[in-house]
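A.B. asks: Residue-level listing of the chains:
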Amino acid sequence: MFNEKEVVSNVLNGDLQAFGQLVKQYEQFVFYIIDKLIDNENDKEDIAQEVFIKIYNNLEKFSFHSKLSTWIASIAYRTALNHVRDYKKYDRCITNEVNEAFSFTTETPEQLSEYKDIKQYINQLLDEMPVPYKIVIVLYHFNELSYKEIEAVTGMPEGTIKTNLFRARKILKEKIKNNGFF
Amino acid sequence: MDSFEKDIQERVEKQFDSLNEDSTDLKLYKMVFDVLNEKSSKEPSYSFSFNIIRSIKTRENYKTDFKWNLLLLLALALITAVLYVAAFIYHNDIAESVLLFIQKFWVQLLFILFLYFLVQFVDKKIVIEKMMR
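Chains X and B, in that order, give the protein sequences. Heads up: the first sequence is residues 18 to 199, going by my numbering. Heads up: the second sequence is residues 441 to 573, going by my numbering.
Calculated from the structure, these hints are not laboratory results. Think of the CB as a built atom: it goes at the ideal place given N, C-alpha and C, for glycine as much as any other residue. It cannot be assumed that every hint is accurate.
[Unchecked claim] Simulated restraints, written as ranges between beta carbons of each label pair:
#, chain 1, residue 1, chain 2, residue 2, range
1, B, F557, X, E23, 23 to 29 Å
2, X, K71, B, N477, 25 to 31 Å
3, B, K497, X, D63, 16 to 22 Å
[Stated by the list, open to error] Taking lysine-lysine and the DSBU-like style, the derived pairs with C-alpha atoms no more than 30 Å apart in a straight line are:
#, chain 1, residue 1, chain 2, residue 2
4, B, K507, X, K71
5, B, K497, X, K84
6, B, K507, X, K84
7, B, K564, X, K190
8, X, K71, B, K565
9, X, K194, B, K470
10, X, K22, X, K71
11, B, K467, X, K187
12, X, K71, B, K570
13, B, K470, X, K71
14, B, K564, X, K71
15, B, K467, X, K41
16, X, K84, X, K194
17, X, K78, X, K41
18, B, K503, X, K78
19, B, K565, X, K41
20, X, K165, B, K470
21, B, K570, X, K78
22, X, K41, B, K564
23, B, K570, X, K192
24, X, K194, B, K467
25, B, K564, X, K151
26, B, K565, X, K179
27, X, K187, B, K470
28, X, K71, B, K467
29, X, K165, X, K22
30, B, K470, X, K78
31, X, K22, B, K470
32, X, K78, B, K467
33, X, K78, B, K507
34, B, K470, X, K136
35, B, K470, X, K192
36, B, K470, X, K179
37, X, K41, B, K570
38, X, K41, B, K503
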């Protein structure tokens, strides 16, 4: 059983094996967030490593006011976002505000027929989404974080989170329906 | 069909449409949830946590080395000061000859010191960069 208070306290006392336990506990979680935000496969492990080194260096600042997973998610989110900003690998909007007129690219019937199933198509649409839409969908639906926790992770106000979630689901639904997947 | 029947039929159709809409939404959300629930395409390597611990250990070692290097510089400054005191106040022969040697070869000595720190710096940079890959 992973006892986060005990593990954090051991790490702060210099126990590197305890930090290894913490890495094992949260590596999938961190990889999931990075995987959804970063396109380049080769960069993902490097960024995940950078996230855990930041966690180690800043662990003494963690005061248990939030869940450890929320704090780790916020570091993973900011590190991934910084990477996106530094290398400008995204040409999409990377601020917390998204142009309301955002729409997905239009596919030809041939391109649509290449998708094996609707799940592959949804994955493609999620990849195309602007970061602020994608991150709220990922954190809300997959990690099942509350609005307050998403606010702590992303720094977006609760109202913006709700709006982004609503718009993201709406454009996703419209796109899928318009292309006859339902 | 009278107007009452028409009204009832319209209401039933509207209800039916909204039920359809709700079920589409539910289906979509279930699909999104299923997609998000699928494993990440990129999994951490087996040695991931080991690499992080190794990287942290290396960084800690470099921090300790940095402290020792600062101490080395301080020690050299202290030795030079002691040599000056010994040579100019106590007129010690050995101290005077060491200072003469330093005066003669100060460029070379500084260059050796510079090389020593440069090698340490480059080594640290290369090792950490390799680890981050």
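A.B. asks: Now look at each hint and say whether the structure bears it out.
C.D. replies: Hints, one by one, checked against the model:
1. B:F557 - X:E23: 23 to 29 Å: Once the Cβ atoms are compared, 41 Å apart, the range 23 to 29 Å for X:E23 and B:F557 is violated.
2. X:K71 - B:N477: 25 to 31 Å: Holds, since X:K71 and B:N477 (Cβ atoms, about 27 Å apart) stay within the stated range.
3. B:K497 - X:D63: 16 to 22 Å: Check passed, 18 Å falls within 16 to 22 Å.
4. B:K507 - X:K71: 22 Å, holds
5. B:K497 - X:K84: Within the cut-off at roughly 27 Å; holds.
6. B:K507 - X:K84: 36 Å, violated
7. B:K564 - X:K190: Judged against 30 Å, a Cα distance of about 51 Å means the pair is violated.
8. X:K71 - B:K565: 18 Å, holds
9. X:K194 - B:K470: With a Cα-Cα distance of about 15 Å, the restraint between X:K194 and B:K470 holds, given a limit of 30 Å.
10. X:K22 - X:K71: 18 Å, holds
11. B:K467 - X:K187: 13 Å, holds
12. X:K71 - B:K570: Roughly 18 Å between the alpha carbons, so the hint for X:K71 and B:K570 holds.
13. B:K470 - X:K71: Not satisfied, since the Cα-Cα distance of roughly 35 Å exceeds 30 Å.
14. B:K564 - X:K71: 18 Å, holds
15. B:K467 - X:K41: Cα-Cα ~34 Å, so violated.
16. X:K84 - X:K194: Not OK: X:K84 and X:K194 at ~38 Å, beyond 30 Å, violated.
17. X:K78 - X:K41: 21 Å, holds
18. B:K503 - X:K78: 20 Å, holds
19. B:K565 - X:K41: 27 Å, holds
20. X:K165 - B:K470: Within the cut-off at roughly 23 Å; holds.
21. B:K570 - X:K78: At roughly 28 Å apart (the allowed maximum being 30 Å), X:K78 and B:K570 satisfy the hint.
22. X:K41 - B:K564: Holds - the C-alpha atoms of B:K564 and X:K41 are around 27 Å apart, at most 30 Å.
23. B:K570 - X:K192: 44 Å, violated
24. X:K194 - B:K467: Roughly 11 Å between the alpha carbons, so the hint for X:K194 and B:K467 holds.
25. B:K564 - X:K151: 38 Å, violated
26. B:K565 - X:K179: 44 Å, violated
27. X:K187 - B:K470: 14 Å, holds
28. X:K71 - B:K467: 39 Å, violated
29. X:K165 - X:K22: Distance ~22 Å between X:K165 and X:K22 Cα, so the pair holds.
30. B:K470 - X:K78: Roughly 38 Å between the alpha carbons, so the hint for B:K470 and X:K78 is violated.
31. X:K22 - B:K470: Since the Cα atoms of X:K22 and B:K470 sit roughly 35 Å apart, the hinted pair is violated (cutoff 30 Å).
32. X:K78 - B:K467: 43 Å, violated
33. X:K78 - B:K507: This hinted pair holds, its Cα atoms lying about 24 Å apart.
34. B:K470 - X:K136: Judged against 30 Å, a Cα distance of about 11 Å means the pair holds.
35. B:K470 - X:K192: 16 Å, holds
36. B:K470 - X:K179: 19 Å, holds
37. X:K41 - B:K570: 22 Å, holds
38. X:K41 - B:K503: 26 Å, holds
When held up to the earlier numbered hints, the structure conflicts with 1, 6, 7, 13, 15, 16, 23, 25, 26, 28, 30, 31 and 32 and fits the remainder.
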